[in-house]
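As you go down the protein sequences, you meet chains A and B in turn.
Using the numbering used here, read the first sequence as starting at 1 and increasing by one per residue.
Using the numbering used here, read the second sequence as starting at 276 and increasing by one per residue.
Watch out, some of these pointers could steer you wrong.
As the list claims (entries may be wrong) - Okay, the calculated bits of chain B under chain A, using three or more residues with CB under 8 Å as the criterion:
1. 323–333
2. 350–364
3. 370–384
Stated by the list, open to error - Now the stretches of chain A that chain B is said to cover, found in silico as 3 or more residues with beta-carbon under 8 Å:
4. 70–80
5. 84–98
6. 139–150
Please keep in mind that the hints were generated in silico from the structure rather than gathered at the bench.
All residues carry an ideal CB built from backbone N, CA and C; glycine is no exception.
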Amino acid sequence: MNMDEHVTIAEQMAISMSHLLEDAELVQLGLMSPLAQVAALLSAHRRGDAGPAIEDPSAFTVTWAPRSAALTCSDIAAQQGSVRRFEADDWVAKIMGNLTGRMRQFIRAAQIDITGGINTLYLPTRDGTRRRIAGLAGLAELADIARPFLVYLPRQDERTFVQRVEFEVCNPLDSHDGTERQIILVSDLAMFRITEQGPEILSVHPSTDPNEFAARTPFAGDYQAAPQTPLPDPADLELLRKTVDPFNIRDIEFAVGEERSKLLDRLIEQESGFV
Amino acid sequence: MSRKPCGMVRHIIAAGLRIPEVVILTAGVETDMLLAAGVVDRVRTFYFGLEAFGMGPGQRCGADMIEETESSLIFGLQAAAQGQPFHAVALHHCRALLKVRTDIQTITCPYEGDEFVALPPIAPDLAIIHAWRCDRRGNAEFGGTLAADRLLAAAARKTIVTCEEVVDDLAATGGRADLIAPQTSAVVHLPNGAWPTGCAPLYRPDWAGLRDYAQLDPGAVPTWLERHPLSTKG
Numbered sequence: 001m002n003m004d005e006h007v008t009i010a011e012q013m014a015i016s017m018s019h020l021l022e023d024a025e026l027v028q029l030g031l032m033s034p035l036a037q038v039a040a041l042l043s044a045h046r047r048g049d050a051g052p053a054i055e056d057p058s059a060f061t062v063t064w065a066p067r068s069a070a071l072t073c074s075d076i077a078a079q080q081g082s083v084r085r086f087e088a089d090d091w092v093a094k095i096m097g098n099l100t101g102r103m104r105q106f107i108r109a110a111q112i113d114i115t116g117g118i119n120t121l122y123l124p125t126r127d128g129t130r131r132r133i134a135g136l137a138g139l140a141e142l143a144d145i146a147r148p149f150l151v152y153l154p155r156q157d158e159r160t161f162v163q164r165v166e167f168e169v170c171n172p173l174d175s176h177d178g179t180e181r182q183i184i185l186v187s188d189l190a191m192f193r194i195t196e197q198g199p200e201i202l203s204v205h206p207s208t209d210p211n212e213f214a215a216r217t218p219f220a221g222d223y224q225a226a227p228q229t230p231l232p233d234p235a236d237l238e239l240l241r242k243t244v245d246p247f248n249i250r251d252i253e254f255a256v257g258e259e260r261s262k263l264l265d266r267l268i269e270q271e272s273g274f275v
Numbered sequence: 276m277s278r279k280p281c282g283m284v285r286h287i288i289a290a291g292l293r294i295p296e297v298v299i300l301t302a303g304v305e306t307d308m309l310l311a312a313g314v315v316d317r318v319r320t321f322y323f324g325l326e327a328f329g330m331g332p333g334q335r336c337g338a339d340m341i342e343e344t345e346s347s348l349i350f351g352l353q354a355a356a357q358g359q360p361f362h363a364v365a366l367h368h369c370r371a372l373l374k375v376r377t378d379i380q381t382i383t384c385p386y387e388g389d390e391f392v393a394l395p396p397i398a399p400d401l402a403i404i405h406a407w408r409c410d411r412r413g414n415a416e417f418g419g420t421l422a423a424d425r426l427l428a429a430a431a432r433k434t435i436v437t438c439e440e441v442v443d444d445l446a447a448t449g450g451r452a453d454l455i456a457p458q459t460s461a462v463v464h465l466p467n468g469a470w471p472t473g474c475a476p477l478y479r480p481d482w483a484g485l486r487d488y489a490q491l492d493p494g495a496v497p498t499w500l501e502r503h504p505l506s507t508k509g
C-alpha cells in the first residue's frame, strides 16, 4: 500500500480527491464511502468558512461545522452543528434538483467504463458470475446534478475499469445538458478524465509501475507523456492525519480479509466514545 | 443504522407471520433478519447491505428484489400518500430502472409531448416505525434522524409505532410529534426495540453486535437472537 515510506495510496487519493471537491457549494457524502468522507471533510477543513457544506445521507443533515471522519458514528457526528435535519423525501424531491452544477459527490463504482458508463449494481466475480451488491440508489439523479461527476476506485483493475460495464446504472456524459460533461476518475494508479471524446490520463501517481498501469488500464493512453500526480503537501498530510482522519478510516477501503476485520474491530473500539 | 424496527421484526418472526413484500428505502439488518428467517418473499428497495460489514446472512441466502431508485421509491410513496395514479419523472432518470423493471410504463406529456416514466404508487398495507417516545394519545417523536418515516406512514394503510418510552403527554415534556395520533393505528412499548441499530437520544448502534450478526451463517441466526432476548414490556 505504501507509495513511499511516508505517503500511503489512501493518503494520496484522499488528498487528490479533496482538491476536486473544494470549489463545490455542497458536497454530498455517500453511504459507506469512507475515502469520500475523508476527502470531503479535508476539503471543508482546508477551506474553512469558504469551504463546501457537507450533506450526510445517513443523517440527512447539512453542516459547515468542522469535524473529524468516523466510520461507525458518522451520522451522529453529522447531526452535531448541523443547520438542519431534513427528511429523506424533502432532500431528494425538493432540494437536490436545485443544486445542479453546485454540488459534488465522489461515487465508489463497482465498475466504470471508457465511455462513462457506471455500474454500482452488479459485481462480476472471478468465477464468471455476477453478484448483486447494492441497489440503483440515486445515481441517475446525481448524474444530472453533480458536475463534474466524480468517481473513485480503490483498486483499478480489469474488473473495475473496463471497456464496457456489466450493467449501466447511469452515464453522466449523456445524462445532463450544458457544459462540464466530464467524469474525473481517481484510482490507486492515476487520475483520468472521461468525456465524449474518450478517456485521457490526467496524471499518474508517483509510485505507479508502468507495466502494472498498462495491465490494469483498459485503453492505450500515453503513459510517458502524462504528468505525475503531485505528492501531497506536508500541511495537507498533517491536517489529514491529525485532524480530519486520526483513526485512519481511510484505510478500510484498501483492506481485505483478516486485515479488514482487524481494522473494523479497532475502529469500533476507538470510535465508541468519539462523538 | 438508526431506528430500525428490529424488535417488531423479531416478534413477527417469532409469531410465524409471513410478509409478501418489504418496502424500505435502505434495507439493513431488519430486512436481513426477515430473510434469514425465511418469512419474506421479496424486498423493494434502492439499497441493501450492512454498510461496513457488507452482506448479512439473510442477504447471502439470496432475495427476490424489486429494484427501485431513490426517486422512484420516494415518488411512489408520495403518489400513494396523495392518492395519485402515478408520478411522472424524466425518462433519463429511469433508464436503468426500465431495464430491470418491466412493469413500469411510460407516458406522453399532454402539454409538451415529451415521454416520461409513470411511476406507480407504492402503498404498503402496514408501516412499522420505531420511535424514541410516544404519548398516551399516540403522538410519536422519532429522535435522531428522520429518514422518510413520515412519508412511509402517510403512504401506508395502517401504521404501528414501536417506542422506547411511553409518556403521558408529549407536549408537556417539551417534545414535538413527528407523527400525530390520527396517523398512528397502534403504539407498542418496546424498549431496546431498535437494537442492534441505535435509537437517539437513548442508545447508539451496537456495532460489535452488527459485526457479529454479519458473520453468522443463516442457520445460526435464531440461536444468536435467543442470546439477546427481547423486552416483553408493552
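Each hint tested on the structure:
1. For the stretch 323–333 of chain B, the assignment as covered by chain A holds, since 5 residues bring a beta-carbon within under 8 Å of that chain's beta-carbons and 3 suffice.
2. Remark: the stretch 350–364 of chain B is confirmed as covered by chain A, as 3 of its residues place a Cβ nearer than 8 Å to a Cβ of that chain, reaching the required three.
3. Counting residues of the stretch 370–384 of chain B whose beta carbon lies closer than 8 Å to any beta carbon of chain A gives 5, which meets the minimum of three for the stated coverage.
4. Given a C-beta distance limit of less than 8 Å, the hint that chain B covers the stretch 70–80 of chain A holds, as 6 residues qualify and 3 suffice.
5. With a cut-off of 8 Å between beta carbons, the stretch 84–98 of chain A has 7 residues touching chain B; three or more are needed, and the interface restraint holds.
6. Only when three residues or more bring their CB closer than 8 Å to a CB of chain B does the claim for the stretch 139–150 of chain A stand; here the count is 4, and the claim holds.
Violation of the numbered hints given earlier is absent; every hint is satisfied by the structure.
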